[in-house]
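Chemist: With the sequences and hints as input, model every part of the structure.
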Amino acid sequence: MARAAIPGGLSARRAWRPARLLERRVETASASTLVLEVADWPGHLPGQHVDLRLTADDGYTATRSYSLSAPAEGDRVEVTVQRVPDGEVSTFLCDDLQLGDAALLRGPVGGWFVWRPEQPGPVLLVAGGSGVVPLMAMLRARPADGPPFRLVYSVRQPDDVIYRAELDALGRAEGVDVRYVFTRRGAGEDDGDERPPGRLRAADLDAAGWGPADAPTCYVCGPTGFVEAAATILAAAGHDPARIRTERFGPSGS
Amino acid sequence: MSFVTRGFHGRRRDDDGRLPPGQHLTGDFPVLSAGPTPRIPLDEWELWVATEEGTRHTWSWAELMALAADEPTVDIHCVTSWSKLDTTWRGVSLDTILADVETAADYALVHSYGGYTTNLPLEDLLDGKAWVAYEFEGDDLHPEHGGPARLLVPHLYFWKSAKWVHGIELVLEDTPGFWEQLGYHDYGDPWREQRYQGD
Numbered sequence: 001m002a003r004a005a006i007p008g009g010l011s012a013r014r015a016w017r018p019a020r021l022l023e024r025r026v027e028t029a030s031a032s033t034l035v036l037e038v039a040d041w042p043g044h045l046p047g048q049h050v051d052l053r054l055t056a057d058d059g060y061t062a063t064r065s066y067s068l069s070a071p072a073e074g075d076r077v078e079v080t081v082q083r084v085p086d087g088e089v090s091t092f093l094c095d096d097l098q099l100g101d102a103a104l105l106r107g108p109v110g111g112w113f114v115w116r117p118e119q120p121g122p123v124l125l126v127a128g129g130s131g132v133v134p135l136m137a138m139l140r141a142r143p144a145d146g147p148p149f150r151l152v153y154s155v156r157q158p159d160d161v162i163y164r165a166e167l168d169a170l171g172r173a174e175g176v177d178v179r180y181v182f183t184r185r186g187a188g189e190d191d192g193d194e195r196p197p198g199r200l201r202a203a204d205l206d207a208a209g210w211g212p213a214d215a216p217t218c219y220v221c222g223p224t225g226f227v228e229a230a231a232t233i234l235a236a237a238g239h240d241p242a243r244i245r246t247e248r249f250g251p252s253g254s
Numbered sequence: 001m002s003f004v005t006r007g008f009h010g011r012r013r014d015d016d017g018r019l020p021p022g023q024h025l026t027g028d029f030p031v032l033s034a035g036p037t038p039r040i041p042l043d044e045w046e047l048w049v050a051t052e053e054g055t056r057h058t059w060s061w062a063e064l065m066a067l068a069a070d071e072p073t074v075d076i077h078c079v080t081s082w083s084k085l086d087t088t089w090r091g092v093s094l095d096t097i098l099a100d101v102e103t104a105a106d107y108a109l110v111h112s113y114g115g116y117t118t119n120l121p122l123e124d125l126l127d128g129k130a131w132v133a134y135e136f137e138g139d140d141l142h143p144e145h146g147g148p149a150r151l152l153v154p155h156l157y158f159w160k161s162a163k164w165v166h167g168i169e170l171v172l173e174d175t176p177g178f179w180e181q182l183g184y185h186d187y188g189d190p191w192r193e194q195r196y197q198g199d
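From first to last, the protein sequence lines stand for chains A and B. For the first sequence, full-length UniProt numbering gives the first residue as 1, with consecutive numbering after it. For the second sequence, full-length UniProt numbering gives the first residue as 1, with consecutive numbering after it.
Warning: the hint list may mix true and false statements.
Here are some, though not all, of the chain B residues that point toward chain A, as calculated from beta-carbon distances under 8 Å [stated by the list, open to error]:
id, residue
1, S2
2, F3
3, V4
4, T5
5, G7
6, H9
7, G10
8, R12
9, G22
10, H24
11, P36
12, T80
13, G114
14, E144
15, G183
16, G198
Restraint ranges, calculated between C-beta atoms of paired labels, are given here [what the hints assert, rightly or not]:
id, chain 1, residue 1, chain 2, residue 2, range
17, A, G209, B, T96, 45 to 53 Å
18, B, E44, A, R195, 32 to 40 Å
19, A, E166, B, E137, 38 to 46 Å
20, A, A144, B, D95, 53 to 61 Å
21, A, P120, B, H142, 32 to 40 Å
22, B, G138, A, P147, 42 to 50 Å
23, A, A242, B, E137, 25 to 33 Å
24, B, H142, A, A203, 20 to 28 Å
25, B, W191, A, G59, 16 to 24 Å
26, B, G7, A, P85, 19 to 27 Å
27, B, G17, A, G209, 48 to 56 Å
28, A, D240, B, G17, 44 to 52 Å
These are calculated hints, taken from the structure and not from any lab test. Ideal Cβ positions, reconstructed from N, Cα and C, are used throughout, including at glycine.
Modeler: Okay, structure coming up:
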């Protein structure tokens with residue numbers, strides 16, 4: 001495998017950079033998007049993540065990784081943080097960090113779970129819960145005349161959908177298809193949701209319409225159990241394992 | 001400009017100095033891998049060791065089970081910043097597996113079922129520092145954690161402990177593996193925070 005080109009030189013990517021909170025958007029009851037200004041940000045690819053570090057006044061630090069949720073705009077970068085119950089860092093980021101407050105950030109990190117616009121072929125995105133975040137960065141980076149994208153987004157109930165309005169708008173665009181899979185409570189048949197609630201099934205991915213012959217690159221992101229299940233369904237359906245890219249997060253992502 | 005985050009105090013835990021810099025404890029066992037989980041039937045499973053001269057040694061599952069096993073209790077540290085203390089394993093020491101292998105190699109490139117590779121110095125596999133592990137916490141090692149057998153090299157970041165281990169290629173020069181080609185460190189010492197190339 002050739003060494004992949006990733007924005008920013010190595011020394012640039014491993015340097016801790018001062019960051020400042022410009023904006024916080026509440027996405028759902030448990031997820032917020034932080035817009036940060038990061039000095040001399042080298043740019044990133046959709047799917048990459050960053051390390052974010054909080055420092056207490058006595059020097060204690062806590063570091064966590066978060067997926068970037070949008071393409072960079074100059075020195076503005078966005079991450080979406082899912083509040084982990086009792087999480088040391090996520091609860092502080094969602095509830096306590098104030099506009100203008102400082103943190104440290106380094107990256108971008110990760111060169112495997114990325115989508116490159118020049119990459120050929122359709123793209124199948126499979127999200128479980130807040131695993132949608134790096135996939136959203138890919139959707140947002142897709143040019144209007146880009147390859148076909150399809151997102152299958154599994155989430156407990158309609159209220160838990162992150163980026164709902166934007167996803168619905170994206171789903172009406174040419175070449176983009178967005179489907180929700182509700183695991184606990186669906187939207188109801190009145191809203192055109194005829195699928196009974198339940199965990200992701202093979203039919204949910206079959207219904208998305210791309211078989212192995214279409215050779216989509218599949219990106220699967222979510223909690224470990226979800227990624228195991230989804231990647232197993234895709235491999236069993238005959239998708240080349242080399243085109244199934246996964247990113248898993250455990251309860252450690254606090 | 002101050003890097004201190006106003007109002008952040010954090011939660012310090014007393015870890016007796018067992019937590020490398022930048023790590024935090026987890027009670028769970030998160031999973032990091034790049035693709036689908038391979039499923040390898042035990043009657044098809046094998047472990048191979050290939051030397052720089054091209055000599056190849058293989059062990060079937062039954063042959064691996066027949067080797068003397070250790071039961072190490074170790075702390076493990078993932079590059080994604082979680083650490084887990086006092087994990088218990090059962091497996092065969094690489095000292096046992098490599099005992100009759102003649103080599104002048106300084107490095108190993110470990111190959112997994114599914115195509116994953118990772119590189120490390122051969123000496124880091126020796127002297128009781130590494131195992132081919134097939135039980136975790138008293139149970140068969142589950143496929144998502146690398147079963148039927150994975151490498152266990154707890155003194156390095158955990159991606160070096162290749163899941164679904166298939167073979168060990170002994171080589172004269174360090175050859176970057178899967179994550180290492182993607183920017184992760186060739187050695188990966190958690191105590192020196194060698195997460196990425198250049199750290």
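Chemist: Now look at each hint and say whether the structure bears it out.
Modeler: Tested hints:
| no. | hint | verdict |
| --- | --- | --- |
| 1 | S2 | holds (6 Å) |
| 2 | F3 | holds (5 Å) |
| 3 | V4 | holds (5 Å) |
| 4 | T5 | holds (4 Å) |
| 5 | G7 | holds (6 Å) |
| 6 | H9 | holds (5 Å) |
| 7 | G10 | holds (5 Å) |
| 8 | R12 | holds (6 Å) |
| 9 | G22 | holds (5 Å) |
| 10 | H24 | holds (7 Å) |
| 11 | P36 | holds (4 Å) |
| 12 | T80 | holds (6 Å) |
| 13 | G114 | holds (7 Å) |
| 14 | E144 | holds (5 Å) |
| 15 | G183 | holds (6 Å) |
| 16 | G198 | holds (4 Å) |
| 17 | A:G209 - B:T96: 45 to 53 Å | holds (51 Å) |
| 18 | B:E44 - A:R195: 32 to 40 Å | holds (38 Å) |
| 19 | A:E166 - B:E137: 38 to 46 Å | holds (43 Å) |
| 20 | A:A144 - B:D95: 53 to 61 Å | holds (59 Å) |
| 21 | A:P120 - B:H142: 32 to 40 Å | holds (36 Å) |
| 22 | B:G138 - A:P147: 42 to 50 Å | holds (48 Å) |
| 23 | A:A242 - B:E137: 25 to 33 Å | holds (32 Å) |
| 24 | B:H142 - A:A203: 20 to 28 Å | holds (26 Å) |
| 25 | B:W191 - A:G59: 16 to 24 Å | holds (19 Å) |
| 26 | B:G7 - A:P85: 19 to 27 Å | holds (20 Å) |
| 27 | B:G17 - A:G209: 48 to 56 Å | holds (54 Å) |
| 28 | A:D240 - B:G17: 44 to 52 Å | holds (46 Å) |
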